[in-house]
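Visitor: The lines below spell out each chain.
2 protein chains.
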Amino acid sequence: MTTKEILSKAVNTKYALASLSSEEKNRALGLMADEIEKSSGAILAANLKDVEAARGNISDVMIDRLALSESRIADMAAGVRNVIALPDPVGRTLSKKTTADGLLLYKVSVPLGVVAIIYESRPNVTSDAAALCLKSGNVCILRGGKEAYNSSKAIVNAMREGLLKGGFPQDFVNIIDDITRQSASELMAARGQVDLLIPRGGAGLIRACVENALVPCIETGTGICSVYVDKSADIQKALNIVENAKTQRPSVCNAQETLLVHKDIADEFLPALKKRLCDDRAAAGKVPVELRVDEAAGRIIDGTPATEQDFDTEFLDYILAIKVVNDVKEAAEHIGKHSTHHSEAIVTEDKEAADYFTGHVDSAAVYVNASTRFTDGGMFGLGCEMGISTQKLHARGPMGLEELNSYKYVVIGNGQVR
Amino acid sequence: MTTKEILSKAVNTKYALASLSSEEKNRALGLMADEIEKSSGAILAANLKDVEAARGNISDVMIDRLALSESRIADMAAGVRNVIALPDPVGRTLSKKTTADGLLLYKVSVPLGVVAIIYESRPNVTSDAAALCLKSGNVCILRGGKEAYNSSKAIVNAMREGLLKGGFPQDFVNIIDDITRQSASELMAARGQVDLLIPRGGAGLIRACVENALVPCIETGTGICSVYVDKSADIQKALNIVENAKTQRPSVCNAQETLLVHKDIADEFLPALKKRLCDDRAAAGKVPVELRVDEAAGRIIDGTPATEQDFDTEFLDYILAIKVVNDVKEAAEHIGKHSTHHSEAIVTEDKEAADYFTGHVDSAAVYVNASTRFTDGGMFGLGCEMGISTQKLHARGPMGLEELNSYKYVVIGNGQVR
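Protein chains in written order, with my numbering: chain A, 1 to 418; chain B, 1 to 418.
No lab work stands behind these hints: they were computed from the structure.
Possibly wrong hints are sitting among the right ones.
What the hints assert, rightly or not - Below, simulated DSS-like cross-link-like pairs (lysine-lysine); rule was C-alpha separation at most 27 Å, straight line:
1. Lys96/A <-> Lys351/B
2. Lys329/B <-> Lys329/A
3. Lys4/A <-> Lys337/B
4. Lys107/A <-> Lys351/B
5. Lys107/A <-> Lys329/B
6. Lys337/B <-> Lys97/A
7. Lys107/A <-> Lys97/B
8. Lys97/B <-> Lys237/A
9. Lys96/A <-> Lys97/B
10. Lys9/B <-> Lys96/A
11. Lys96/B <-> Lys97/A
12. Lys337/A <-> Lys9/B
13. Lys107/A <-> Lys9/B
14. Lys329/A <-> Lys4/B
15. Lys337/A <-> Lys97/B
16. Lys107/A <-> Lys107/B
17. Lys237/B <-> Lys329/A
18. Lys107/A <-> Lys4/B
19. Lys237/A <-> Lys107/B
20. Lys337/B <-> Lys9/A
21. Lys351/A <-> Lys9/B
22. Lys237/A <-> Lys96/B
23. Lys351/A <-> Lys107/B
24. Lys337/A <-> Lys329/B
25. Lys9/B <-> Lys4/A
Turn these sequences into a full structure, and let the hints steer you where they fit.
Guide: If you want it as structure tokens, here you go:
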């Protein structure tokens, strides 16, 4: 089917989805999950095609993200079932008042309508995104990466089979068959049809959406996250937090890329950090972290000399850029210039420094004495996550079901005129 | 000053403004209002230049919008003072919880940062927009129409004088001196500097912003608003509502452009409406409304035959497009295809029809038995208005101070790692 045909079908079915009750949506989700499990043979066969075509073209890490197994398929189905338990975001009365003219003014949450998601190779995004859109009353249009097309198509087929069995329109969940750039451009240009476009992937994809989209778009995921170790920091907390933020899963957007250290604590902290991130890890057979040090840090510990570019880079790797600063003010200023406004942390025992940092750092999540790795829909108690917004309009930080809704005013009168 | 210089100054001052207390912001607003009044001579002289340059180039209606007087200047100052009484939207705790990991998670409202407003000829937008931005903690960059440049510049000079007298940075309020298209393009392209761009003006300006802006932008104001008169309507209510929505102020975005009438009530309602909108108005020396009737309506009353284009036109004039429909479902479908999702009304005594309409019409404000003219920040009790959003992302309908804020998560831990 062409992208234009899919867009038109999606628009035509959005009112049907918007008016479903919570019970009906939950029934649909249950059937979608069942069919994913029942179709595991077909999904694995399709996935094998993708993996074989990709071998040699993409890195082993990417192959690992792409490859499915019975247990990963069970996880996908479980992910869809988890959404059943989440509260329905649609139809909440956000506020209610009587105006001076005697009008009853209700502000009510409503679905956005049609949500398009352009994503890269992980096939599980397909079922996650479809489930979150359905629960939030939105028709979804999924445009996955070409490497995972066969897998995603098989997963969507299963979910559509579930919808069919439940007597629901299959067009609640749509996948784009055209995996050339053309279809992405068509989605970006579909004014009046796509109510929200969410790019999930690398910085290039997100920039392309922001620069080219004529439809509303939410920037997600790029994270140059910093941890600032204040002069009053508890050294043990600081070591634990930096180790965790940098090494627990370096490939994700909420991992740390930059370390800022107060000059008064640098002599004590940096050697201890080097021991923890480099020597101890090497001794334990783990990948040691490459430290890229500014001039002041380089006078205290060995490391690769940092370039200015290092402080503007999302390494997504065992690399940490380190800079010594004069105070919390300079730390906040550095973050203001170099951060992607995702997640930043201060380690301090000084309330004044903490307050300055949370007040002056303009990022989606600002931490005091905790790892940046907590910026996540699950960790924040949203129960799910459609991506992490790094923009300020509409949604910021982890986006859950409520962030996939808009609102409208319903105004009840008895003949009022102005 | 060049637009680039203004952008850079605005960004540099945004943290200073974001961290002001409510008392300080209110003091600044009071001083800005005082200086507007004290500068009335300079403002009137500047305005006279604008009016003389514009005469002959723009319509008398536009000249009237452009021209200032002592009393209009007093109104501007009063408008700024009104903002003092409004609640400060910054720093509200929107939610607060303890996560499973023992993190204290606060969701706190914060300013957007730098808000740019591109608007057309009304000089009072200058003081309104500056006051709302300041109270909501945002540095504003005003880019008014070239016809009103001297007036707007004089108003901004007065407000900056007020800031100076209070010891505040003058760069809280900025006006763009370059009134060529170049400056508008620079604002639209200022990624990382402009946090929100609000176009206020005609459909062409709004389309240009949506299509060209690389910065986040909110569509405002275009209104093709419909009133649907159901078969169960109270005829008197319907006549009052249509007369008000169409004629009370036809040049504004919440005025009615389209009338949909149920076929079972059309024979009774349309002749009564024609009498009210045409004959009675003519007899009273008022402009009669031109009725553009579809085929079915044309069999009941005389009128200009409506073209399909008439149902997609924001007349902003004493013109009403009329269509007879089979039922509320067809009315909602017509609105879905032709509306700009601003404001729509149903007139009905039937709860089921009202519920169908409010459930299926996807506009910012959906009315039962009231005029669409109520869609307004003041009428909705927001105390002010920065424009009426016709998009679904971030803000919908009248935008007040809260809609000029974003939020961030402040997360307090005691050493937590994942």
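Visitor: Against each hint, give a clear statement of whether it holds in the structure.
Guide: Going down the list of hints, with the structure as the test:
1. Lys96/A <-> Lys351/B: Distance of about 19 Å is within 27 Å: holds.
2. Lys329/B <-> Lys329/A: violated (60 Å)
3. Lys4/A <-> Lys337/B: holds (17 Å)
4. Lys107/A <-> Lys351/B: Holds, at roughly 19 Å.
5. Lys107/A <-> Lys329/B: holds (23 Å)
6. Lys337/B <-> Lys97/A: violated (30 Å)
7. Lys107/A <-> Lys97/B: Given that 27 Å is the threshold and the Cα spacing comes to 24 Å, the pair holds.
8. Lys97/B <-> Lys237/A: holds (23 Å)
9. Lys96/A <-> Lys97/B: holds (24 Å)
10. Lys9/B <-> Lys96/A: The given pair, whose Cα atoms are some 41 Å apart, is violated under the 27 Å limit.
11. Lys96/B <-> Lys97/A: holds (24 Å)
12. Lys337/A <-> Lys9/B: holds (14 Å)
13. Lys107/A <-> Lys9/B: violated (38 Å)
14. Lys329/A <-> Lys4/B: holds (25 Å)
15. Lys337/A <-> Lys97/B: violated (30 Å)
16. Lys107/A <-> Lys107/B: Judged against 27 Å, a Cα distance of about 21 Å means the pair holds.
17. Lys237/B <-> Lys329/A: violated (62 Å)
18. Lys107/A <-> Lys4/B: Violated: Lys107/A and Lys4/B sit about 40 Å apart, past 27 Å.
19. Lys237/A <-> Lys107/B: holds (24 Å)
20. Lys337/B <-> Lys9/A: holds (14 Å)
21. Lys351/A <-> Lys9/B: The given pair, whose Cα atoms are some 30 Å apart, is violated under the 27 Å limit.
22. Lys237/A <-> Lys96/B: holds (24 Å)
23. Lys351/A <-> Lys107/B: holds (19 Å)
24. Lys337/A <-> Lys329/B: Given pair Lys337/A, Lys329/B is violated - Cα atoms ~53 Å apart, limit 27 Å.
25. Lys9/B <-> Lys4/A: Violated - the C-alpha atoms of Lys4/A and Lys9/B are around 45 Å apart, more than 27 Å.
Consistency with the previously given hints fails for numbers 2, 6, 10, 13, 15, 17, 18, 21, 24 and 25, ordered from lowest to highest.
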